[in-house]
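Chemist: Put chain B on the given structure of chain A with help from the hints.
Below are the chains, spelled out letter by letter.
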Amino acid sequence: MPRTELDLMQGTLDVLVLKALSWGQRHGHAVAGWIRATTDDDLNIEDGALYTALHRLERRGLVSAEWGLSDNNRKAKFYELTDAGRGELRKEAHRWSRYADAVFKVLRAQGSGMGR
Amino acid sequence: MARARWQGLFRLIGREPSVEEEIDAEVAFHLRTETERLIARGMSEPAARDETLRRFGDVQRTRAALARISREGRMHRRRVNWLTDLMQDLRYAGRGLRRQPGFAALVIITLGLGIGANATMFGIIDRILLRPPAFLHQPADAGRIYLRRPNGEGGERVDNNISYRRFTDLRDGARSLATIAAFYNDDRRVIGTGERARQAAVSLVSGTFFSMFEVRPAVGRFFAEAEDRLPSGTAVAVLGFNYWQSEFGGDAGAVGRTMLIGPRAYTIVGVAPKGFTGMSMGQVAAFIPLTAGGYDDFGDYYHNSGYNLSWLEVVARKKPELSREAANLDLTLAFQRGRTTEPSIRPEVIERSRAELAPVLVDRGPEPGESARVAEWLAGVSAVVLLIATANVANLFLARALKRRREIAVRLALGVGRRRLLRQLLTESMVLALLGGATGLFMAHFGGGVLRRVLLAEVDWSATPLFDGRILAFTAAIALLTGLLTGLAPAWHAGGTSLTAALRSGGREGSRPRARLRTTLLVVQAALSVVLLSGAGLFVKSLRNAQGVDLGYNHGRLVVVLTDLRGERLAPDGRPELTRRLLEQARAMPGVEQVTQSFGIPFWRSNTIDLFVPGRDSLNGLGAFYQNVVGADYFETLGTTIVRGRGITREDRNGPARVAVVSERLAKAVWPGANAVGQCVKIGADSMPCSEVIGVARDVRWGSLGDDDRMQIYEPMSLQDSGVLFVRAAGDPALLAEPLRRELQRLMPGAAFVNVRQVAVALDPVLRPWRLGATMFTLFGTLALLVAAVGLYGVIAYSVAQRTHEVGVRMALGARRADVVRLVLGEGIRVAVAGVVLGTLAAIAVGRFAASMLFGISPYDVTTLAQVGIVLLAVAGVASLVPAWRAARVDPNAALRAD
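Line by line, the protein sequences are chains A and B. Each residue of the first sequence is one higher than the one before, starting from 1 at the first, in my numbering. Each residue of the second sequence is one higher than the one before, starting from 1001 at the first, in my numbering.
Keep in mind that the hints were calculated from the coordinates and are not lab data. Each hint should be verified, as a subset may be incorrect.
[What the hints assert, rightly or not] For lysine to any residue, the following SDA-like pairs were computed, each having C-alpha atoms within a straight-line distance of at most 20 Å:
{"#": "1", "chain 1": "B", "residue 1": "K1274", "chain 2": "B", "residue 2": "D1468"}
{"#": "2", "chain 1": "B", "residue 1": "K1682", "chain 2": "B", "residue 2": "P1614"}
{"#": "3", "chain 1": "B", "residue 1": "K1668", "chain 2": "B", "residue 2": "R1616"}
{"#": "4", "chain 1": "A", "residue 1": "K19", "chain 2": "A", "residue 2": "V106"}
{"#": "5", "chain 1": "B", "residue 1": "K1319", "chain 2": "B", "residue 2": "D1172"}
{"#": "6", "chain 1": "A", "residue 1": "K75", "chain 2": "B", "residue 2": "E1020"}
{"#": "7", "chain 1": "A", "residue 1": "K75", "chain 2": "B", "residue 2": "S1018"}
{"#": "8", "chain 1": "A", "residue 1": "K75", "chain 2": "B", "residue 2": "D1024"}
{"#": "9", "chain 1": "A", "residue 1": "K75", "chain 2": "B", "residue 2": "S1070"}
{"#": "10", "chain 1": "A", "residue 1": "K75", "chain 2": "B", "residue 2": "D1172"}
{"#": "11", "chain 1": "A", "residue 1": "K19", "chain 2": "A", "residue 2": "L43"}
{"#": "12", "chain 1": "A", "residue 1": "K75", "chain 2": "B", "residue 2": "E1036"}
{"#": "13", "chain 1": "B", "residue 1": "K1668", "chain 2": "B", "residue 2": "C1680"}
{"#": "14", "chain 1": "A", "residue 1": "K75", "chain 2": "B", "residue 2": "V1019"}
{"#": "15", "chain 1": "B", "residue 1": "K1403", "chain 2": "B", "residue 2": "L1031"}
{"#": "16", "chain 1": "B", "residue 1": "K1541", "chain 2": "B", "residue 2": "V1871"}
{"#": "17", "chain 1": "A", "residue 1": "K19", "chain 2": "A", "residue 2": "Y99"}
{"#": "18", "chain 1": "B", "residue 1": "K1682", "chain 2": "B", "residue 2": "G1645"}
{"#": "19", "chain 1": "A", "residue 1": "K75", "chain 2": "B", "residue 2": "R1032"}
{"#": "20", "chain 1": "A", "residue 1": "K75", "chain 2": "B", "residue 2": "T1035"}
{"#": "21", "chain 1": "A", "residue 1": "K19", "chain 2": "A", "residue 2": "T38"}
This is chain A alone, in the form it adopts within the complex:
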């Protein structure tokens, strides 16, 4: 994967993962499943990258983790948003929608716009 794409991905992934956790505690597999389902698998994100993002967020204190039992009764690591994580999600979501709006404005623009 080219480097620029990865850099772009990191910030994006973080938002996706935070969002995935905004409905409550989930383990890594559930996070991956939710993202895949929600995006119709269009982003084609490797699961390994998601785990890296989860751990990075944990390290930054945006999510907390603890071991528990999954639906099929296996030991799994569950992640949960912390208060800081919730704040970060809000901030990033805002930033992303402004960014996306701006890009859309450009793409939908009619004519050259030069001169009045």
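Modeler: Positioned in the frame of chain A, the structure of chain B alone reads:
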């Protein structure tokens, strides 16, 4: 048992799973769940597995990335936790100590005393024993040259005083040295003129001296070998930095000026940099060429008198590629080659003569000075004081821990980890120890300065700060160590706390093993106190013995008058005329009983000489003969009894017959069984004419207090000879000294200088080791006893408080108050007896190391040991009496109703 206890302390500390284990578990869960999901959707198992792995991406790389992130996170978390815990522990410790300010103060002061004593001692030892002279070039290759020669009795004589001739022998003969330099530190050379004239330290150094150091002059230049040439050198001087600052205001224009040093005008050629004192421990006012200074002092005698005048010390730096052994062998050969030219010396003596390059610091060499021994002993004593302080503080902590038994149990029950608890206890003791360390530094600052000046006066401390990095580091280290040791006692206790037992029981029943630990600590304290007090007793008695020793002359009333002509030229008969007038003037002074002349000065200056008796092969094997040249009435003035024959009179002075007086010891050694009076002895050389022995005088101790086998010969002094005047005062010699100096100074021509000193004062440094030992041991011993007594009182009082109930029962059952007192008193006395027994054994064990430092008393002196034992028992009795009395006043009714 101890092991189980420590395991108990740590048993609840679970192992955290490793980062890799967690990651593997997490990834495995994902892969399994995903594969199962795909199979459930109808994929074949291999296809599902492949798809899962494809979607996951590079598993190894992900694992590595996850591991790195987790590890960082864990480390960070640990640091944060550690810090927050520490802050919490500190707050907790602070709260606890504020609640018990008395306890905190007692601990801090006790530790402060112990740590302060050690900080001071470290500063002293660092200066004397550890630090090489400032600026020394390649200290690892540098050394001081010592000569080892067989003495008459099959042993050897080691010394580092070397004659000029021997120095040139070694300088020209040794090939293993990069440089070799000789020096003589004269502490009292008169420098300056008129009102500014004063005695100051001047170093006479060979031209090679400065090449021993990596040093550049602050101003001007150093002198070179060309200016240090026989016979009288060039009169040039390099000033010491401080002298330059105080006398010349740091003016660079001082270079080129001349100043009077001793008898001659010297041209200042440079200034040494700040802190440079050459090979002297103290400040040096000026450095002058060895040949110039030697000539001023002795004329040509210093270089043409062969090996007689051993006034120099020699330092050298070996070539770095050679081993020390090779250098020593080379030096030895040069030494032996030189010895072949010495008169009347047997080949086997030459063969057994050795030279060696020993440590530069005298006190680390083969003949350490008195200050080294003093410093070592002080270090030992202060370490013992610290031990006692530590034991006492540990005991205080234990007592407190016992009181806090329930609190600790409650905290454990509430889920505080043992590890956290241990940390809290340690934090508390560390905080106290560090406060104690700060107090110690504070005490060292005030006490240490005084101690240094009083105890080791000859070392110049002005260049050494009371605190520097090394002292601070040392203090911090011992403070932390003490904190750890004292903290471990209650931690040990906490480790053994059984939750249920502590919670169930009231505070009443004492716990046996813990009482035993506290008692053991008390016994140790008592034993160490006994050791220190025994030292105190032995040194006090040594001092008394040393002060009372019969020197063979009446030193207490003697004043010595030294004259220094400083190059003033006298008429041909000026010298005897001046001496005659000085003698007359002194004799005429009120308060003067008698006056005489002498070359030797007790504990300061004496001379050895070869003696020959016609018809006898050699007297060499008998030992060293000391010579003194003395004036008329010498024996009367000094109060040395003439046992046989007569003393030296005015007529012997310039009379035609050569006469001599010998000491009893010499008479007995040279003419055993015969009458020495009337015998012939040749003084100095076999070719000299006979001197007739006219009298035998009592033995004197002249060089040291233990110097009781000295063989002494006295010859009459002519007025032409220069020596000192001995004046016997009718009353207190201290009152006579200054008027005498004023009167005699008036007779001196020009810049010439008179110096008056009491002989008893010269004896002070000789008595100092004992005075020092007596002071230090008494001081520290008393301190230790006090600390131990307080500790004993604390323990007994605590135990009485714990046993109020038991005492009540006993009294209700008919025990009398006396029985109760006996019971409690017995407890204290048992500790004291154990301490006395152990301490006495320890004192006997270390006694043999002290034997050489004692005077006229055995380290196993039964009286002293018994006295110390009695003192300790008495103090222990008093310390337990108060709680015993309190126990006896227990009201059985109240005691039984309570609880």
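Chemist: Now look at each hint and say whether the structure bears it out.
Modeler: Evaluation of the provided hints:
1. K1274(B) / D1468(B): With Cα atoms ~17 Å apart, K1274(B) and D1468(B) stay inside 20 Å; holds.
2. K1682(B) / P1614(B): Roughly 8 Å between the alpha carbons, so the hint for K1682(B) and P1614(B) holds.
3. K1668(B) / R1616(B): Holds - the C-alpha atoms of R1616(B) and K1668(B) are around 15 Å apart, at most 20 Å.
4. K19(A) / V106(A): 26 Å, violated
5. K1319(B) / D1172(B): Holds, at roughly 15 Å.
6. K75(A) / E1020(B): 16 Å, holds
7. K75(A) / S1018(B): Holds: K75(A) and S1018(B) sit about 16 Å apart, inside 20 Å.
8. K75(A) / D1024(B): OK: K75(A) and D1024(B) at ~12 Å, within 20 Å.
9. K75(A) / S1070(B): 19 Å, holds
10. K75(A) / D1172(B): Violated: K75(A) and D1172(B) sit about 88 Å apart, past 20 Å.
11. K19(A) / L43(A): 15 Å, holds
12. K75(A) / E1036(B): Holds: K75(A) and E1036(B) sit about 16 Å apart, inside 20 Å.
13. K1668(B) / C1680(B): This hinted pair holds, its Cα atoms lying about 15 Å apart.
14. K75(A) / V1019(B): 16 Å, holds
15. K1403(B) / L1031(B): 57 Å, violated
16. K1541(B) / V1871(B): Distance of about 16 Å is within 20 Å: holds.
17. K19(A) / Y99(A): 17 Å, holds
18. K1682(B) / G1645(B): 19 Å, holds
19. K75(A) / R1032(B): 12 Å, holds
20. K75(A) / T1035(B): 16 Å, holds
21. K19(A) / T38(A): Cα-Cα ~11 Å, so holds.
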